[in-house]
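Trainee: Letter by letter, the chains look like this.
2 protein chains.
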Amino acid sequence: MAIRIGIMGYGNLGRGIECAVKNNPDMELAAVFTRRDPATVKILTEGVSVYHADEAKDHADEVDVLILCGGSATDLPVQTPEYAKYFTVVDSFDNHSKIPEHYANVDAAAKPNGNVAVISAGWDPGMFSLNRVYANAVLPNGKDYTFWGKGVSQGHSDAVRRVAGVKDCRQYTIPATSALERIRGGETPDLITREKHTRECFVVAEEGADLAQIEHNIVTMPAYFADYDTTVHFITEEEMKRDHSALPHGGFVIRSGKTGWNLEHNHVIEYSLKLDSNPEFTSSVIAACARAAYRMKQEGMSGCKTILDIPPAYLCAQSDEFLRAHML
Amino acid sequence: MAIRIGIMGYGNLGRGIECAVKNNPDMELAAVFTRRDPATVKILTEGVSVYHADEAKDHADEVDVLILCGGSATDLPVQTPEYAKYFTVVDSFDNHSKIPEHYANVDAAAKPNGNVAVISAGWDPGMFSLNRVYANAVLPNGKDYTFWGKGVSQGHSDAVRRVAGVKDCRQYTIPATSALERIRGGETPDLITREKHTRECFVVAEEGADLAQIEHNIVTMPAYFADYDTTVHFITEEEMKRDHSALPHGGFVIRSGKTGWNLEHNHVIEYSLKLDSNPEFTSSVIAACARAAYRMKQEGMSGCKTILDIPPAYLCAQSDEFLRAHML
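Chains as they are written, first to last, in numbering that gives the first Met the number 0: chain E, 0 to 327; chain L, 0 to 327.
It cannot be assumed that every hint is accurate.
Treat identical chains as interchangeable: a pair holds within one or across any two.
[Stated by the list, open to error] In silico SDA-like pairs for lysine to any residue, Cα to Cα no more than 25 Å straight-line: (1) K240 with L262; (2) K110 with L179; (3) K296 with E320; (4) K195 with R183.
No lab work stands behind these hints: they were computed from the structure.
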C-alpha cells in the first residue's frame, strides 16, 4: 500500500512535494491543506481534495505523513509542534541557529503522542549537513568549507526589492572559483566572506529612477551586500521574465583532512549539487524523509528526528536486500 | 572511557587503522593480532602488545571492537563470521558481487551471539555506496555513474607483474575527463568501458626484455586491459621508487536526475574523493564504523550491518546535540 502524503501549504514547496509524490511510485497524495479559501486553490493531481488548514486534524486517519511547507521564520515554529501531536510530520526548518530550540519543541510534542517528526529536511540543512557529518566522522583532523550557488537567493532578492526605485530583482550567489580550486588542491585557507562568494543582481528599475543611486544603495547595504563584491545589472521586465524565472541553486561541501602517523597524507572530500529547481530538489529530499518517517513510525519509534538520525536505507524505496546487492 | 580497538592483520590496512586510532581521541589501541610470529611484528604504538591470531579469543574482554584487516578473496569470508561470534567486528569486504552471501554468513554468526558486525566499510563499498543510495532516494528518476581514480589499482598492477619480462609495475586508473564533463553538464550518456576510464602503466622491465612484446601483452590482456585505452611507460627501478611509492586513489559518484510534473528540471549530485593514501582513508572510514558498531552494541543491537544501516550521527564522536547545533 502506498504511503499517503498530506501537504500543508501549497506554494513553491507544496507544488514541489506534489511533483515528488507523483515521481515516487510508493507514495500517493492524500490531501492538500491551505490557509487560503480551498475553493481558490487549484492543484495538479486529479481527484485529490483541498481542505482548509483548520480541518487538518479531522483528516488525520487519511494521511500517513503530513509535510509542512510553511516558512521557517513564523510558520514552522508553531505548525510543526502543533501537527506533530496528530500526525507523523516532516518539515524543512532551515533557520540553522534555532534548530536546537525547534528540535526540543517538536520532540516534546511528538514523543508523548507516539509520532515521528523529521525536521530540517532539504539540502542545507539536509544533504549538506549529512556530508559535513560524514566527512567529520571520517577525517577528524580537517577543515570544512560550505559554498552556495550559483543560485537565486530569495532573501537577497527581497532585500534589493525594498531599495527605493527598484521594481524587481533577482540576486544570484556565486561561489568564488579561485577559493574552490585552492581547497580542492589540498590547501586549507582561512577565507573572509568576500573571498568565498560574489553576488550578482539583475534589477528592473522604476522609470526615471537614479540608477547610480540604486546601485550604490545595493552594494553598500549592510549584512546583505557590504561584505561582498557585488555586480548590479539593470534589465527590462521582459528580460527578467525571459532569463530569470527559474530558481536554480546548488553548492559545495568540502572537507580537507589529514591522516597518517604524523598527519602526512591529505584527503579532499567534496559533495556538490547543481540544481535546476531549488524548491523541487528540496521537496525530493523531504519526500525521501517522509518515507523514512513512515517506516520509523511503523517500527514504533517516536519523537523528533533529523536526517542525521536516519539510517540511509530507510530513505530508499528499494529493500535492504536490493540495496546490498546493487548499490553497496 | 575510550573505545578499545583490536587490529587483526598488520599490513597496509592494519597500519592505517593504527594511525586512525591515534587520530581519534575517543579510541585507544588495545591489541594487534597477527598470523606471523608476533615477535617479528613491530608496531608504531608504544606499550601495546602483539599477539598471535590464534590467541585472539582469549583477549575478547580487552577489546571493544575488533577490526579485521584481511583480504576479501580468502581471509574475510572465513574470519568475519568466525570472529563475529566473540567480538563486535568491522571488516572492509569489497567483493561487491559476494556481499549478499557474506552478509548472510556474518549475520548468522553475529546475531545468536549478541554481537554487531559491520561489513564492507571503506570508500567503495562504503562512502560511494552511501552516496549512490542517498542520490537514488532523492532522485528516483535518474542515472548513476561511478568513476574511479586517478589512483593505483593493486589488482591491475599485480596482473602486469605476472607478464613475462616485467620486474615491477604500478598501474593508474584514470577517469575520462570528457565523460565526467558531459555528465556534469546534465547529459546521461550510455558509456562503454573505454569511454569511462583509461589505464596507465609504469613498468620496470627485466634487463634485455623485449619491450614491444611486453607492451603488446599488457594492452591486449583480456578483462584487465583489452577493453581500455592503455598507455605503457618503461621506467627505471629508481624512478619507480622515487615517483610511484604512494598509494593515491579517489573517484566520483554522480547521479543526474529529473524532477517536476513533467520531469522538466534536471539536477546533478556529485560526490568525489581525492585521496593521498587509499589504505589510510579506508582505515579512517573503518574507524568511524567501529565507533558506530560500539554504540549499536551498547544499545543492545546485534547482527550484521552495513553503512547503509547506520544513522550518520553514530559515526561521529560528537554528541547529537553538538551535531544539531553546529553541523546540521
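Trainee: Taking the hints in turn, state whether each one holds.
Mentor: Hints versus structure:
no.: 1; hint: K240 with L262; result: between (53 Å within a copy, 22 Å between copies)
no.: 2; hint: K110 with L179; result: neither (43 Å within a copy, 46 Å between copies)
no.: 3; hint: K296 with E320; result: both (21 Å within a copy, 22 Å between copies)
no.: 4; hint: K195 with R183; result: both (14 Å within a copy, 22 Å between copies)
Of the hints listed earlier, the one the structure fails to meet is number 2.
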